Amino acid sequence: MNKEIQKVKIKAENDKVFIEFLKQYPGLDMAAERRQKNGKIHAEAYVEREVANNLSKPGIDIEIIENASETGKQRQQEISKTNRFELAGEIGPPHGFAKKE
Amino acid sequence: MAYYSVDEVESAIASLASTYPNSCQLIELQNRTIEGRVIHALNIGRGLDDHNKSGILFTAAAHAREWGGSEICIYLAADLLEAYKRKTGLKYEGDGGGKYFTADQVQSVVEDLNVLLVPCINPDGRHYSQTVESLWRRNRNPAKSGGNPDCVGVDLNRNYDFLWNFKNLFSPDAVVRTSDDPCDQNQTYCGPSPFSELETQNVKWLLDKYPTVKFHVDIHSYSELILYCWGDDQYQSDDPQQNFTNPTYNRKRGIRNDEAYKEYVPKVDMDTAKDLANHIYDGIRAVNHNEYAVESAFDLYATSGTGQDYSQSRHFSNSDNNKILSFTIEFGKEFHPQWQEMERVVKEVDAGLLNFCLGVEGQQKNK
Numbered sequence: 001m002n003k004e005i006q007k008v009k010i011k012a013e014n015d016k017v018f019i020e021f022l023k024q025y026p027g028l029d030m031a032a033e034r035r036q037k038n039g040k041i042h043a044e045a046y047v048e049r050e051v052a053n054n055l056s057k058p059g060i061d062i063e064i065i066e067n068a069s070e071t072g073k074q075r076q077q078e079i080s081k082t083n084r085f086e087l088a089g090e091i092g093p094p095h096g097f098a099k100k101e
Numbered sequence: 001m002a003y004y005s006v007d008e009v010e011s012a013i014a015s016l017a018s019t020y021p022n023s024c025q026l027i028e029l030q031n032r033t034i035e036g037r038v039i040h041a042l043n044i045g046r047g048l049d050d051h052n053k054s055g056i057l058f059t060a061a062a063h064a065r066e067w068g069g070s071e072i073c074i075y076l077a078a079d080l081l082e083a084y085k086r087k088t089g090l091k092y093e094g095d096g097g098g099k100y101f102t103a104d105q106v107q108s109v110v111e112d113l114n115v116l117l118v119p120c121i122n123p124d125g126r127h128y129s130q131t132v133e134s135l136w137r138r139n140r141n142p143a144k145s146g147g148n149p150d151c152v153g154v155d156l157n158r159n160y161d162f163l164w165n166f167k168n169l170f171s172p173d174a175v176v177r178t179s180d181d182p183c184d185q186n187q188t189y190c191g192p193s194p195f196s197e198l199e200t201q202n203v204k205w206l207l208d209k210y211p212t213v214k215f216h217v218d219i220h221s222y223s224e225l226i227l228y229c230w231g232d233d234q235y236q237s238d239d240p241q242q243n244f245t246n247p248t249y250n251r252k253r254g255i256r257n258d259e260a261y262k263e264y265v266p267k268v269d270m271d272t273a274k275d276l277a278n279h280i281y282d283g284i285r286a287v288n289h290n291e292y293a294v295e296s297a298f299d300l301y302a303t304s305g306t307g308q309d310y311s312q313s314r315h316f317s318n319s320d321n322n323k324i325l326s327f328t329i330e331f332g333k334e335f336h337p338q339w340q341e342m343e344r345v346v347k348e349v350d351a352g353l354l355n356f357c358l359g360v361e362g363q364q365k366n367k
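Sequence lines, in order, name chains A and B.
Read in order, the letters of the first sequence are residues 1 to 101 in my numbering.
Read in order, the letters of the second sequence are residues 1 to 367 in my numbering.
By construction, these hints were calculated from the structure, which means they are not laboratory data.
Some clues are possibly wrong.
Claimed, not checked - Simulated crosslink set (EDC-like; lysine to aspartate or glutamate; CA at most 16 Å straight-line):
1. A:K16 with B:D208
2. A:K16 with B:D258
3. B:K274 with B:D258
4. B:K91 with A:D29
5. A:K99 with B:E93
6. A:K37 with B:E291
7. B:K87 with A:E66
8. B:K367 with B:D112
9. B:K323 with B:D181
10. A:K3 with B:D184
11. A:K40 with A:E20
12. B:K267 with B:E291
13. B:K214 with B:D258
14. A:K100 with B:E93
15. A:K23 with B:D112
16. B:K91 with B:E343
17. B:K214 with B:D50
18. B:K333 with A:E66
19. A:K40 with B:D299
20. A:K81 with B:D7
21. B:K144 with B:D181
22. B:K85 with A:E101
23. A:K37 with B:D299
Remember, predicted model here, so these are calculated numbers, not experimental data.
Modelling step: build the complete structure from the supplied sequences, incorporating the hints.
So, in structure tokens, the structure goes:
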């Protein structure tokens with residue numbers, strides 16, 4: 001898994017094309033599969049670039065959106081570096097985002 | 001602000017339990033993880049032993065990379081507990097005008113229900129995702145990896161005992177998003193047997209221990225979906241014999257729009273499930289005008305061994321088990337957005353989940 005993973009957008013013409021696509025590529029790491037109002041299927045997948053480059057076929061459009069591995073590294077910088085609640089008596093518990101009123 | 005580390009998830013709910021001892025309880029789950037981590041649940045309410053009060057189980061972060069589920073649970077708990085103590089309402093502000101819950105509604109959730117939250121089912125996986133491979137999905141059990149680091153781990157949301165043996169129980173023509181290959185790049189390895197994993201055993205343990213739990217929401221990302229059962233096939237309410245326990249239908253399941261099989265759910269349960277799913281939808285929409293889709297888990301393809309289907313199936317498998325209505329939320333538009341965006345998602349989903357609790361409370365009153 002320690003590879004450069006691309007996030008790709010998949011647009012399939014219809015259910016049948018999409019299901020056949022999934023059967024052809026059962027190993028794809030998929031997300032966000034949604035049927036559109038026009039009957040098309042949109043989905044996203046996380047694959048290596050060389051895999052992404054070979055996914056297009058009749059009825060299937062593929063677009064590379066971003067380098068997901070690089071984005072993931074950036075997001076890892078947004079993980080708390082300290083344990084904010086270890087000494088709960090001193091700093092208090094977490095507070096939610098709703099206003100209390 | 002930032003995403004919680006694994007240690008912070010635990011210390012956050014511990015601090016809530018110590019700050020609000022009269023309105024919540026910390027519950028240590030049965031199993032430590034394979035890396036030795038202790039997992040706690042937090043129950044908000046007077047106690048799960050009261051059979052007059054419905055329990056709602058919220059589970060999150062079974063998939064390692066879906067970071068925000070833990071924060072959704074913890075901030076919901078923090079909001080409820082603080083507002084209850086201060087006798088205030090809760091206002092979730094957003095672009096859509098916001099969603100307001102009165103102090104009386106907060107009080108009714110805390111006093112008339114039990115809200116049982118497990119903010120992080122899979123801390124080993126979350127830690128690995130947050131520190132090494134951000135797109136990691138599974139737990140960190142190396143048992144079937146053969147020493148190959150790419151083959152470590154089991155997809156916990158394919159490891160439950162619901163049509164787990166998918167190759168024998170679904171149609172050969174069905175696309176079942178489950179794998180029996182530990183090295184499959186789609187990361188949906190279902191494990192060597194149902195409940196092989198310590199983390200899924202923990203969820204089963206909670207459901208066995210607390211039969212007052214009558215609702216389950218499994219929190220995932222992403223897609224902006226609210227899903228009700230089932231995940232193996234389309235549902236029907238006409239033929240009780242056409243169900244997952246019936247071997248007559250083995251190798252017929254999982255095909256969309258065919259007549260061979262549809263999974264049974266009593267109409268009254270489906271009506272209730274749709275009503276409660278719409279409570280989540282309404283709560284979410286009020287905050288940012290964001291419209292999640294409400295549909296059955298089986299939409300484009302089948303799944304096996306999910307936590308949602310397992311918890312709802314327990315009553316059908318064994319009538320001694322309490323009936324549970326189960327849901328999945330797929331929040332947001334990516335696995336781990338920038339924290340600023342995640343805050344927006346947390347607000348709207350927490351409003352949805354709190355509105356769900358009020359829907360359950362309304363159901364309870366009407367019985």
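Item checked: Hints that the structure is at odds with (numbers, increasing) -> 1, 3, 4, 7, 9, 12, 13, 15
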